[in-house]
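Trainee: Listed below, chain by chain, are the residues.
Protein chains: 2
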Amino acid sequence: MAKTWSVVSVVGVGLVGGSFALALRRAGFKGKIIGVSSPDTVKAALAHGVIDEAMPLRDAAGQSDLIYLAQPIERILQTLDEIDPHVYPGTLITDAGSTKSAIVARAAKRIRRGRFIGGHPMAGKQTRGVAEAEAGLFKGRPYILTTPDADLERWIKRMGARVVILDAEEHDRLVALTSHLPQLISTALAASIAAEPGAAQVVGPAAIDLTRLALSPYEIWRDIFSTNRGSIDAALAAFIDRLQDLRKQLQSKAIEKEFERAAAAAKSLRQG
Amino acid sequence: MAKTWSVVSVVGVGLVGGSFALALRRAGFKGKIIGVSSPDTVKAALAHGVIDEAMPLRDAAGQSDLIYLAQPIERILQTLDEIDPHVYPGTLITDAGSTKSAIVARAAKRIRRGRFIGGHPMAGKQTRGVAEAEAGLFKGRPYILTTPDADLERWIKRMGARVVILDAEEHDRLVALTSHLPQLISTALAASIAAEPGAAQVVGPAAIDLTRLALSPYEIWRDIFSTNRGSIDAALAAFIDRLQDLRKQLQSKAIEKEFERAAAAAKSLRQG
Numbered sequence: 001m002a003k004t005w006s007v008v009s010v011v012g013v014g015l016v017g018g019s020f021a022l023a024l025r026r027a028g029f030k031g032k033i034i035g036v037s038s039p040d041t042v043k044a045a046l047a048h049g050v051i052d053e054a055m056p057l058r059d060a061a062g063q064s065d066l067i068y069l070a071q072p073i074e075r076i077l078q079t080l081d082e083i084d085p086h087v088y089p090g091t092l093i094t095d096a097g098s099t100k101s102a103i104v105a106r107a108a109k110r111i112r113r114g115r116f117i118g119g120h121p122m123a124g125k126q127t128r129g130v131a132e133a134e135a136g137l138f139k140g141r142p143y144i145l146t147t148p149d150a151d152l153e154r155w156i157k158r159m160g161a162r163v164v165i166l167d168a169e170e171h172d173r174l175v176a177l178t179s180h181l182p183q184l185i186s187t188a189l190a191a192s193i194a195a196e197p198g199a200a201q202v203v204g205p206a207a208i209d210l211t212r213l214a215l216s217p218y219e220i221w222r223d224i225f226s227t228n229r230g231s232i233d234a235a236l237a238a239f240i241d242r243l244q245d246l247r248k249q250l251q252s253k254a255i256e257k258e259f260e261r262a263a264a265a266a267k268s269l270r271q272g
Numbered sequence: 001m002a003k004t005w006s007v008v009s010v011v012g013v014g015l016v017g018g019s020f021a022l023a024l025r026r027a028g029f030k031g032k033i034i035g036v037s038s039p040d041t042v043k044a045a046l047a048h049g050v051i052d053e054a055m056p057l058r059d060a061a062g063q064s065d066l067i068y069l070a071q072p073i074e075r076i077l078q079t080l081d082e083i084d085p086h087v088y089p090g091t092l093i094t095d096a097g098s099t100k101s102a103i104v105a106r107a108a109k110r111i112r113r114g115r116f117i118g119g120h121p122m123a124g125k126q127t128r129g130v131a132e133a134e135a136g137l138f139k140g141r142p143y144i145l146t147t148p149d150a151d152l153e154r155w156i157k158r159m160g161a162r163v164v165i166l167d168a169e170e171h172d173r174l175v176a177l178t179s180h181l182p183q184l185i186s187t188a189l190a191a192s193i194a195a196e197p198g199a200a201q202v203v204g205p206a207a208i209d210l211t212r213l214a215l216s217p218y219e220i221w222r223d224i225f226s227t228n229r230g231s232i233d234a235a236l237a238a239f240i241d242r243l244q245d246l247r248k249q250l251q252s253k254a255i256e257k258e259f260e261r262a263a264a265a266a267k268s269l270r271q272g
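Just so you know, the sequences run in chain order A and B. For what it's worth, the numbering used here labels the leading residue of the first sequence as 1, then goes sequentially. For what it's worth, the numbering used here labels the leading residue of the second sequence as 1, then goes sequentially.
What the hints contain is simulated information worked out from the structure, not anything from laboratory work. There may be inaccurate statements among the hints.
Said to hold, decoys possible - Taking lysine-lysine and the DSSO-like style, the derived pairs with C-alpha atoms no more than 30 angstroms apart in a straight line are:
hint, chain 1, residue 1, chain 2, residue 2
1, A, 253, B, 125
2, B, 32, B, 125
3, B, 43, B, 125
4, B, 253, B, 267
5, A, 267, B, 125
6, B, 125, A, 139
7, B, 109, A, 253
8, A, 257, B, 125
9, A, 139, A, 157
10, A, 125, B, 248
Predicted, not measured: the structure shown is a model, and the values here were computed from it.
Take these sequences, add in the hints, and give me the full structure.
Mentor: Written out as structure tokens, the structure reads:
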């Protein structure tokens, strides 16, 4: 197993893949960074100095010490189906998909010559694409890995991220609450306001704030829903229970305690 | 009835009251602006040039053409109980309270010499206090009035706000959805994350975004809940129903349509 990487391939050079390449470079990586993406994306990535070279997946896989899959989830699953025969033994393959169980299960079945570690940087922006990539995207954010790996952890820490080791199922259960539920809440709130004639005319800062996530295009959510349905349904059900409790608390002084608990929690998330 | 105001009193010179004073001045008001507030607030308001003079409520009321009540809701109700004997006939009294039914009902009972019009600027900031006041706070925001008034509407429009005429009950029903529900959702989400061991370690941008409102102190919400309980409960119940629908939609392709509807709505709220 290569302890010093000399070639890294980023497969899917969008916001996250491009940011990983830039962050790796800024963290001191001196080797070659290859990009595997569509012709237009590759062109933009080369123009922005995000990657050093571009080539097809098979050629890139055969010369890489690390292969970083930053595609949509379904594309990651496809890449896992075909990449293994092209890597040399011990090549580290990791990914940046938003759910982990389906990906880790597929890798367990398909990756034999290489070693796979699931990954998920808890970072993003409203805007997408390689032109938005930035070396500091992961800074101060959690970066989940499904298996410890000294080499990979060292680079991620150098990027300023906080490594968190979680197995795939636990990851999916927790992000259902912290990422997927917030998206669905924002979508439901925007739809509720749209369904109420007159509501748009009294919209203030609170509604603007809470409907921002609702702007996200469905295409990035399709795969998340299809690969994390059970945990998302459970998170929604638990949140509905909490809102039912809140209805009762509103009739009494208990609501004040709930506000205090929530404010303390919101504050501590910001100090993380 | 005075068609040209020469003296305006702002009662409660915090973020909203102070911003009203600054906005009125910038909109071209040449008369005197009196502040009625606690000694510390009055001192800060004078130091920041927000008001011209400070005096007790009774003295201010007796010489004002417009009295602007920007206190917490319970304090507005108390002011309405005592102010009327001190105003001259026809003095316009308006307020900036976040709920309108209780205030308009109290005014109907107590205001005889003056004329009362309920008001609610849909504007605010995370931070409070007169030091945060700004002339542009209402710009581009809805400003609800419970009764039309040519004079008042003209000044509000000059401040850059959009006047919306709504009766008090309709206002309270709509803001339960657009302001009070978002707050409760954010509070419930922060409490949910706090209750789940491990969740804090995977918090990303979505959860940070949706728990921002949860930082609001309960003290500004106490009066809102006590004066709009019915509409808030109905908004919560309807939102719970929508989340239940979402659970079903997640099992099918219907969720895509919901995302499209919500994204279109969220976009249009931003173009308002």
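Trainee: Can you list which hints this structure breaks, lowest number first?
Mentor: none
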